[in-house]
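Protein sequences appear in the order of chains A and B. The first sequence: position 62 = 62 (the numbering used here), numbered continuously. The second sequence: position 72 = 72 (the numbering used here), numbered continuously.
Warning: the hint list may mix true and false statements.
Unchecked claim - In silico contact screen, one side only, chain A against chain B (beta carbon under 8 angstroms); selected entries:
(1) Val22
(2) Leu29
(3) Phe92
By construction, these hints were calculated from the structure, which means they are not laboratory data. All C-beta atoms in this analysis are idealised placements derived from N, C-alpha and C, irrespective of residue type, glycine included.
One letter stands for each residue in the lines below.
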Amino acid sequence: MQLSDTSSQRILLPVRASTIVVSLVAALLANFLPWKSVALAPDFVALVLVFWCVRQPRLVGLGVGWLLGLLIDVGNGVLMGQHALAYSLLAFASISLSRRILWFPLWGQALHVLALLLFAQGVAALVRLAAGAEFPGWIILVGPLAGAALWPLVTTLLLMPQRRPAEVDETRAI
Amino acid sequence: MEHTPPPFFNRGPAPLVRLAFFASLSLALLVLDARFRYTEGLRSVIAVALYPLQAAATLPAAIGERISSYFASQAQLREENAELRARLLETSLAAQRFEAERAEAGQLRRLIHAREREPVRSQPAEIVYSGRDPYSRKVIVDKGSQAGVAAGSPVLDDRGVIGQVTRVHALTAEVTLLTDKDQAIPVQVVRNGLRAVAFGAGSSGMLELRFMAANAEIQDGDRLVTSGIDGTYPPGIPVATVARIERDAAYAFARIVCQPAAGVERGRYVLVLESTARGAPPPPAEAGAERERRPGKTRRPRRKDGDVSP
Numbered sequence: 001m002q003l004s005d006t007s008s009q010r011i012l013l014p015v016r017a018s019t020i021v022v023s024l025v026a027a028l029l030a031n032f033l034p035w036k037s038v039a040l041a042p043d044f045v046a047l048v049l050v051f052w053c054v055r056q057p058r059l060v061g062l063g064v065g066w067l068l069g070l071l072i073d074v075g076n077g078v079l080m081g082q083h084a085l086a087y088s089l090l091a092f093a094s095i096s097l098s099r100r101i102l103w104f105p106l107w108g109q110a111l112h113v114l115a116l117l118l119f120a121q122g123v124a125a126l127v128r129l130a131a132g133a134e135f136p137g138w139i140i141l142v143g144p145l146a147g148a149a150l151w152p153l154v155t156t157l158l159l160m161p162q163r164r165p166a167e168v169d170e171t172r173a174i
Numbered sequence: 001m002e003h004t005p006p007p008f009f010n011r012g013p014a015p016l017v018r019l020a021f022f023a024s025l026s027l028a029l030l031v032l033d034a035r036f037r038y039t040e041g042l043r044s045v046i047a048v049a050l051y052p053l054q055a056a057a058t059l060p061a062a063i064g065e066r067i068s069s070y071f072a073s074q075a076q077l078r079e080e081n082a083e084l085r086a087r088l089l090e091t092s093l094a095a096q097r098f099e100a101e102r103a104e105a106g107q108l109r110r111l112i113h114a115r116e117r118e119p120v121r122s123q124p125a126e127i128v129y130s131g132r133d134p135y136s137r138k139v140i141v142d143k144g145s146q147a148g149v150a151a152g153s154p155v156l157d158d159r160g161v162i163g164q165v166t167r168v169h170a171l172t173a174e175v176t177l178l179t180d181k182d183q184a185i186p187v188q189v190v191r192n193g194l195r196a197v198a199f200g201a202g203s204s205g206m207l208e209l210r211f212m213a214a215n216a217e218i219q220d221g222d223r224l225v226t227s228g229i230d231g232t233y234p235p236g237i238p239v240a241t242v243a244r245i246e247r248d249a250a251y252a253f254a255r256i257v258c259q260p261a262a263g264v265e266r267g268r269y270v271l272v273l274e275s276t277a278r279g280a281p282p283p284p285a286e287a288g289a290e291r292e293r294r295p296g297k298t299r300r301p302r303r304k305d306g307d308v309s310p
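Just chain A, same shape as in the assembly (with noise of 0.2 angstroms):
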């Protein structure tokens, strides 16, 4: 009953710039977690950015995306500009396809989420390949598969503060 309730037909209230704002934090620090296994972690920054582009494409956009892909850059210590470019162009293309996507039920909004991020790690990698690193094997398809997972647990957690209650009865005492 909840994914039905998602759909983009439901009117929300606006949204905050501060949810937006909190939202992108929280993705920032859960992938600065220490996970025990790099590759298999999902890209949460990634992740939390389709979501608002694909939302708010006039709010959320390419320069949030490419701040947001420096900052990553620095505190992994990668090659400057790797997830910039990498999240500017998952921006456009999530910006491009949020109409469409936006028409879905939840699963398939998720295989669209799956193509976009994999498109992501794709422009990181071809990066890093043109760079001279070794490709560390096919496990660099993980992180997008869980992230695609997470769509509809990330969705459901960042519309929340936009639902308006289902009934409002301001008279009632209680």
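Assemble the complex: chain A is given as a structure, and chain B must be docked to it using the hints.
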């Protein structure tokens, strides 16, 4: 002018224009960083700004550890205490012997007019997190240039070398692990003093001795320690054990795979040594082969002089 839309329809430049702008900006940054390393200033500024986030990210693990240690049973603590005490006794004995032998070695070195080895200063650091990059092997430690860490310093754990500081920010430093594909360390076989250079083997977590002749005198189980001729790593620190040797008549070189002695990709507490490169400037992050070789070249003739003079 009549056709300009009212401001509330104005959405800025078209998406494709924006994409072109940001993509070219990133590409420019990539080239500047990969080819010329011009972005270090920008990098350290962003690193300082990121530090609170990174520190906050380690909090859950730290709190979990603290809670679990709070509930550690008394028996467990007593057991651990006894074990630590035994180890302390053992190591203090070893330390006493080491002191005596170091004094003796110093005397002998003075006799042959060789330069005395200075004790290496070190400071403990904690691994904050490992870099989220499947293409390289890096960890971030919580000591930076403010604590006196310099690029090029060797990093050890309790069993041996784990890597080298390759980039220093104000509060943190990046350590490239030995197993990184681009990391090299000069080593020596303990058994016969054969010198070699060990390279990281990437994702397998092993090291490789490259360019060793197929008939080189090396066997399974040989221990490798730092040779110290690069001036970066102090001599005699365990690096790896030879795990597998493949000799193929078709190739001039043997394929020698080694298992690192230290917990290169495990463990949390490390020791950052002060780089021992004296006279020569500390090698920069990309530590070219020619710079690494220079201190070794200058030291060898000096030793020969010492041999000749008495």
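Exercise. Which of the listed hints are not met by the structure?
Worked result: 1
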